[in-house]
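Chemist: For reference, the chains in residue letters:
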Amino acid sequence: MKTYGSDRGFSGEAFVPKEDDDVIICRCEEITRGEIRKAIYDGMRTISEIRRYLRPGMGPCQGMTCERNVRGILARETGLPLSQIPGYRPRSPQRPVTLAELGNESEEEGGGV
Amino acid sequence: MKRWDLVVIGAGPAGLSAAIEAAEAGMSVIVFDENKKPGGQLFKQIHKFFGSKENHAGVRGIEIGQMLLEKAQKDHIQVELDSAVIGIAKDRSVSVRKDGQTREVQGQNILIAAGASERTLPFPGWTLPGVIGAGAAQTMMNLYGVRPGKKILMIGSGNVGLVVSYQMLQAGCQVAAVVDAAPRIGGYGVHAAKLARNGVPFYLSHTVIRAEGDGAVKSVTIGQVDSSWNIIPGTEKTFDVDTVCMAVGLDPMSQLARMAGALIEEKGGLVPTVDEYGQTSLPGIFAAGDVAGIEEASSAMLNGEIAGLRAAFKSGYIDEETFRTEYKKKKAALGDLRKGTFSPENKGRTDLTLTSEGLPLSENLFEKGFLTDEEVTKYPGVIKKAGVHPVIECTQNIPCNPCQEACAFGCIEVGEDITALPRINPQADCRNCGKCVAMCSGQAIFLVDEEAGCVTIPYEFDPIPEEGEMGTALGRDGSPLGQAEIIKVRKSPAFDHTALVTMRVDKTLAMKARAYSRKTFSE
Amino acid sequence: MEDNRIVHHPILGTYEKGNLVTFTYDGKEMKGYEGEPIAAALLAAGVRIHRYTLRQDKPRGFFCAIGRCTDCVMVVDGKINTRTCITPLREGMVVQTQHGIKA
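Protein chains in written order, with this note's numbering: chain A, 29 to 141; chain B, -5 to 517; chain C, 3 to 105.
Since the hints were derived computationally from the structure, they do not count as laboratory data.
A couple of the hints might just be wrong.
As the list claims (entries may be wrong) - Only some residues are given here: those of chain C computed to face chain B with a beta carbon under 10 Å:
no., residue
1, Y27
2, A43
3, I103
What the hints assert, rightly or not - Over 12 Å on every C-beta distance to chain A, these chain B residues come out as not near it, computed from the model:
no., residue
4, E57
5, E112
6, T114
7, D245
8, S248
9, E259
10, G263
11, F317
12, E351
13, P474
The beta-carbon is built from N, C-alpha and C at its ideal position, and this holds for glycine as well.
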């Protein structure tokens, strides 16, 4: 799937705060719409860049709840169609797994998410 | 590493259907599901399904789930529960976690049928306890018998929002409103009509402004939006509710397909690109059900069957002729389900004005959830006739035909095209058997005797009224019309938990009264 | 005690339940059915807040109820981040509101 370069879409004007900027987008990591918009203005142009920058989708749900909304914000801010905005690159494991589980050992106290 | 002819990920309608198809062709099949129970969302679907009679229409989702499980068992399909597939590689090895252990299995073929996740609508206050997904509401009330709240506001008027709102009424909750930013109700008119006649108001072109509460939801404020989605000042409306439920669409769970490196496209969600048999860009890796694109469960089952059939053919378990014949049948059935007012091409359109018969589609039904007394007479399911006869308030082209099968006396015709509006044959003689009323998945069929002022309605609330009791007849919009006396209550295994309640009303109300409230009528 | 249980459902009739068991929620004794998710037992009893978030200290309850969103996590038998919507209730369980990443 094609991604887009930084020369396309988003025009690079100054960040203007909006009324709904404090609405949470990533429920796990408590990242707001404003923080994601700001990240885009700071030069993050793909969902993977935003993820590395802010960690949305890095929480225990692995981006399942916020991916669509983060892509939506990217689309709106950059003016690109949703079809040109790839999702998070899913990583294995797809569910919260303790390190012990991956090592086929019994589960540790306080493990989990 | 253990090898299987087919490894299925997800024991929902698509996965189980594929597994059954493949196992019956002789393949070795294993199904993994991360949940404690198989069936996917089917065991939360307590309503009767739409579609063709041959493909389980008129049967509740829970029963279809049971049927699939019994078949899977009969076919000796190994279904492993509590088993989350956490990774999948191009060489078709699958990592599965169960009981804290991770192991790998190898599939000659793999079917990803992991379903969908619910979309969300972020708004101020949406992280408060009491704001939940529609699926969460279904899980709590239909699986565990716990009401998600006392008073609920539903966001989203697609079929999920409509069906779950109705289920909330059945669970004994109050539904304060159904809200949608779109100008038209997104789901079937018949689903909306069930809510409207029981008093649930619709707010189209409205969105949520905020939910508030100290610790948990206590109220929610909505407002009307203009054509550029901005709130029109002065249109704000606040509801005191303890629960806000979201049904704003589903996202395909394509993560595993992405991880495997399959080609992905945006098709109302990120989905793996599949060929006509459901195979992804990776040979031997298939996708079916919501993973490959959001559709109704009836389509998911057919898509699953096609993928299973294809895998069986490619692996040499069935010959080409068998494959071609079976595929053609399933493809045709799938094509039937993808026609009509809510077909993939028409979904979300706001400019459709006519049915395929050339009749006007009701704007009232799209915007308020009910047909006016005037409009209803324009459709072929509604006739005036002496004595008892069915009145079918089915006015949109929905792929569904069980009503035709239900009547043994030829009163109801749908014909070859299952999206056609049902027509009443005025020559046929209605015997007042009530099967059509109970069979209609949309609860849109009533038996009416205008002269006697008798109206028979499908009734799915608890408790069921008793013969002789007096209550209130409600109109299509839920407004109290007059006194109703319950003169007959019919229950039968054939009606599958839909009671047929006959009420006597004033003659002038026979073509207006479509629901019953146990409250005493007062002027 | 609030009770949100559906006694009889028009389609489903009565629900299959495990044994009635006792557990504690933040030290208070409560009843629920063995095997049902902890979140269902709490909802039935009117408990809506499962945890307070790490960064903003905001209340959260269950959201997806199928083990995906992880909003419903609590401290169960001393173990943090337990997804209460998919963890079956057992006799004597100690369920605590989670604050950030501790009880």
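Chemist: So, as I understand it, the hint says I103 of chain C touches chain B; can you test that by seeing if any CB pair is closer than 10 Å?
Modeler: Check failed: Cβ of I103 of chain C comes no nearer than 17 Å to chain B, outside 10 Å.
Chemist: Was E259 of chain B rightly flagged as not at the interface, with every chain A Cβ beyond 12 Å?
Modeler: The claim breaks: E259 of chain B does not keep its Cβ more than 12 Å from every Cβ of chain A (closest is about 7 Å).
Chemist: Beyond 12 Å from every chain A Cβ: check whether that's true for T114 of chain B.
Modeler: 6 Å, violated
Chemist: With 12 Å as the threshold, tell me whether D245 of chain B passes as away from chain A on beta-carbon distances.
Modeler: Not fine: 5 Å to the nearest Cβ puts D245 of chain B too close to chain A.
Chemist: Restraint: A43 of chain C near chain B, CB-CB cut 10 Å. Satisfied or not?
Modeler: 8 Å, holds
Chemist: Run the C-beta distances from E112 of chain B to all of chain A and say if the shortest one exceeds 12 Å.
Modeler: 8 Å, violated
Chemist: Is the Cβ of E57 of chain B more than 12 Å away from each Cβ in chain A?
Modeler: 30 Å, holds
Chemist: Report holds if the minimum CB distance from S248 of chain B to chain A is greater than 12 Å, and violated otherwise.
Modeler: 8 Å, violated
Chemist: Over 12 Å to the closest beta carbon of chain A is the bar; see if E351 of chain B clears it.
Modeler: 35 Å, holds
Chemist: Any Cβ of chain A at or closer than 12 Å to P474 of chain B, or is the non-interface label fine?
Modeler: P474 of chain B is indeed farther than 12 Å from all Cβ atoms of chain A, at 41 Å.
Chemist: When you look at the beta carbon of F317 of chain B, is every beta carbon of chain A farther off than 12 Å?
Modeler: 31 Å, holds
Chemist: Grab the minimum beta-carbon distance between G263 of chain B and chain A and tell me whether it stays above 12 Å.
Modeler: 7 Å, violated
The structure is inconsistent with the numbered hints 1, 3, 5, 6, 7, 8, 9 and 10, although it conforms to all the rest.
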